[in-house]
Every structure is written in C-alpha cells, then in structure tokens.
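Visitor: Sequence:
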Amino acid sequence: MGPRPASTGLLCRWHAERLARDVAVTPLLTRWLGMHTAAAGGGHAEPVSGSRERGTPVRLDVMSMLLPGAVHAPAGDEDQTGPPSIPSTLAAWAWQVCEERGLAGPSRWDDVEELERWLTPHLGWCAGRPWIDQMCEDLSALRRWAHSLVPWKIHRADKPVPCPDPACDMMALVQVAGEPYVECDESVGGCGKLLTISEYAAYVAVLASHHAAA
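Throughout the sequence shown, residue numbering follows our numbering, covering 1 to 214 in sequence.
What the hints contain is simulated information worked out from the structure, not anything from laboratory work.
Each computed SDA-like pair below joins lysine to any residue, with the alpha-carbon atoms no more than 20 Å apart:
| # | residue 1 | residue 2 |
| --- | --- | --- |
| 1 | K159 | S187 |
| 2 | K159 | V174 |
| 3 | K159 | H211 |
| 4 | K159 | G189 |
| 5 | K159 | E199 |
Cβ pair distances, simulated, as ranges:
| # | residue 1 | residue 2 | range |
| --- | --- | --- | --- |
| 6 | A201 | W109 | 29 to 37 Å |
| 7 | H211 | P68 | 47 to 55 Å |
| 8 | W14 | H147 | 13 to 21 Å |
| 9 | E99 | I154 | 36 to 44 Å |
| 10 | S140 | I197 | 18 to 26 Å |
| 11 | G69 | P130 | 25 to 33 Å |
| 12 | V206 | E186 | 22 to 30 Å |
| 13 | E99 | A167 | 39 to 47 Å |
| 14 | W95 | A208 | 42 to 50 Å |
In this text the structure is predicted, and so the values were computed from the model without any measurement. For glycine and all other residues, C-beta sits at the position ideal for the given N, C-alpha and C.
Go ahead and model the full structure; you've got the sequences and the hints to work with.
Guide: See below:
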C-alpha cells in the first residue's frame, strides 16, 4: 500500500482514526485485563505476599499494564523488559500536552478513564506536533500488548457484509471483543478501514434499504 496523504495535521485519515481508537479503548483494555490478573496455567505468576497463608498467584505481565510503571520503549516492543503501563503511558502524553499548551491537565493522573476523557479532545492538536508518530506508536503498543497477553483476537465477530470502501469490497469486516469499532481485517488482505459502531450501523441500514428496494 502506498503512502497516505495527511488529512489531520501530519496524520492521514487511516492513522488518525487508529489513534482515536487506541486512546478510546484504553478503559476497556484496563477492565479486560483486570479480569485476568490471576494466573491460570500461563503468564508470569508470583504469589501475593503479606500473609503467612499461601498467596493468590497473579500475572505480573498483566499487572504491569494496570499499574503505574514503564512506558513504551522507542526502540520497539522487543527491547522492553515488560509490557508498558496503560495509566503511565496516557499520563505521559497528557503531561506533554499540558506542558506545550499550558493546561492544568486531568483531575486524576492515575485514572485511565479520566485520562482518556481528557486526552481525546486534544488528539486533533496532537496530530500536528512533530512527535505524533511516537504518540501513535505508544498508544498502539498498549492495544497490541493487551491483545497478546489476553488474546482478544479469538473473541471476535465476523460481519456478513463487504467493506464499504469501493476500492476494497472484501468480506473482511470484524469486531474484536467488546470494542466499539468494526475493522476491515488487514491480516486476511482487507484494507484496514475502521468504522465506529454508529458508522457501521448506518452502512448496514443503507445496504438493507437497497436490498429492500431491489
């Protein structure tokens, strides 16, 4: 696929949509990971200390994403000692915005939902900054890591309609886990088009009306 022209600041529409998606799903990632902190035959488990009784083994790789800690390493995922922290990554970028725009920032710097609500309206401004590529990489890394630790890819719904992009038209639309997005799956040759649930619903309604009129 060739280079995409910029449509939002320095970002093309494809990357701008994914940045918005990757920020929007962070509270969902946090809740999903929070349901899988207990070790169950996999992951890096350690007993919870502080008691003479046998502790509950937890997955340290999952906990490292839930608690304040490391952010994404610029050199790449493979050079990290562990997964990046969701709250710390969001807080780092919120702080960057605050520093450059002279803003007070979110009311709680350790709350993922508050950080997501605060950061989302500033994404259009962020798209014009020279560091936007690194921001996109950091935020996409959170979703990649979460999906690799607790694989959501197996919990996905295939949509029975073709991609709305006339240049694609593949039957490759999927919705991963509980995410409020539908994507044309690039892993099977799709174009990567991203639709919100409301956009997908509107698209299906148009298809239904055309079918009824035929």
